[in-house]
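A.B. asks: Now for the letters of each chain:
There are 2 protein chains.
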Amino acid sequence: MIYGAILAGGVGARMGGDKPKQYLSIKDKPIIVYTIEKFFVEKEFDEVIVLCPSMWVEKTKDLIEKFIPDAIEKVVVIEGGEKRNDTIMNAIQYIEQQGKLDDNTVLVTHDSVRPFVSHRIIKDNIEALKQYDACDTVISATDTIVVSEDGTIISEIPERKKMYQGQTPQSFKAKKFKELYMSLTEEEKDILTDGAKIFVIKGEKVALVNGDTLNMKITYPYDLRVARSLVEEEDA
Amino acid sequence: MIYGAILAGGVGARMGGDKPKQYLSIKDKPIIVYTIEKFFVEKEFDEVIVLCPSMWVEKTKDLIEKFIPDAIEKVVVIEGGEKRNDTIMNAIQYIEQQGKLDDNTVLVTHDSVRPFVSHRIIKDNIEALKQYDACDTVISATDTIVVSEDGTIISEIPERKKMYQGQTPQSFKAKKFKELYMSLTEEEKDILTDGAKIFVIKGEKVALVNGDTLNMKITYPYDLRVARSLVEEEDA
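Keeping their order, the protein sequence lines are chains A and B.
Going by the working numbering, the first residue of the first sequence is number 798, and it counts up by one from there.
Going by the working numbering, the first residue of the second sequence is number 798, and it counts up by one from there.
Watch out, some of these pointers could steer you wrong.
Claimed, not checked - Not everything, but these chain A residues come out facing chain B in the computed CB check (under 10 Å):
1) Ala938
2) Ile950
3) Glu953
4) Lys1014
5) Asp1020
Everything labelled a hint here was simulated from the structure, so no lab data went into it.
Built from N, CA and C at the ideal position, the CB exists for glycine as well.
Could you build all of it, start to finish, from the sequences and the hints given here?
C.D. replies: Structure (structure tokens):
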């Protein structure tokens, strides 16, 4: 079984206050809907799990019903966890509750605020999981990467050709993820905020999958501006 | 003396073929002109040296005359070198020819394709050089940074809070830069494409200066799109 998981924030993420970015709209449609659509149309996914803050679960279901009514049967919306990896664990727990968790269960996790992920990238993630237990979507670093231990003086400027910027999807054999995650101490869990890093730390191979500069994360206001112009261009 | 240096490419950079990005226009004004303006208005600069491909020297002078006629006396346009550091060395050679190279000569080098650099960033660079021989403008890494030695499997995912993305300006005590550069082997020169890295490799302290996400590098077509919308917003 191959599952998609759209990570849209956990229980504590921005309760009250601002609307989370994934619910902002591009051309009258929330970003998260674009992202769900990208996963929904992939035939290889048996099911797509959307994980969002508890107070957004019903709203997200409503959005799916409104914008992608066909998706209701293939897309499930559940609550995320406290941190990113807890959220992934919630997805795995859901799979387990369905009695579908085995050694070959693949989970393709993706940021809800990366609506421009392509079919090619998702396909390459699934393909990589035929050979490896985990993969990470990356692009070559466009900027020089600088390391500073103390935030004041440069410690190192590593060779740029070895440096990549992480995107998503990150894909995992779900059972393996669970095993590795359960073996972490609380302290390790605090530090290891990145799913792929758990595999790396535990000595497991994580394959690189080529991302795309277009597969951008909507973080800053100007990202939203770019995203809007990209969608307008697609429509033109 | 404090010099600004706008790095706009060397002798071999894109001879023929496409127009270099820094000569593309945003609202009818070439990007490089925006960048030169930012440096020209800084009172602390005694002179601003623009280094560009040989075939663009006259054109660049014409652009300055057309768009910033006041700048003619403070801005000089000369040919860049083969690589980035050669270009910086050309700037230093120019300063030396003017008889102005001493232990306190400061050179603030900046990418011509970062037109949104702010007064604050330039000021902080100059300030940092009062205490250090070099500084580098950076922002905290927004993406997870991934290291791969072989381009296939992840070697390491370093702790994100220690990782920064390099921007410019990079500022140097010019004489020190020259000394360090002259001490490099040809092989080292090939590898060390980043000016600040020369200082790091040679065990010299390089201070971090806070950049800004707005101080973006115009690399991809969508960067140009963002840049255009930023300029339109400023005008609005």
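A.B. asks: Could you run down the list of hints and mark each one as holding or not?
C.D. replies: To see whether the hints hold, each was checked on the structure:
Proximity of A:Ala938 to chain B holds as hinted, the smallest CB-CB distance being about 7 Å (cut-off 10 Å). For A:Ile950, the shortest C-beta to C-beta distance to chain B is roughly 5 Å, which falls under 10 Å, so the interface hint holds. Hint on A:Glu953 holds. Least Cβ distance to chain B is approximately 7 Å, under the 10 Å limit. The interface hint given for A:Lys1014 is met, as the beta carbon of that residue sits about 7 Å from the closest beta carbon of chain B, less than 10 Å.
Given hint, A:Asp1020 at the interface with chain B, holds; its Cβ is 9 Å from that chain's nearest Cβ, closer than 10 Å.
Of the numbered hints listed earlier, not one is contradicted by the structure.
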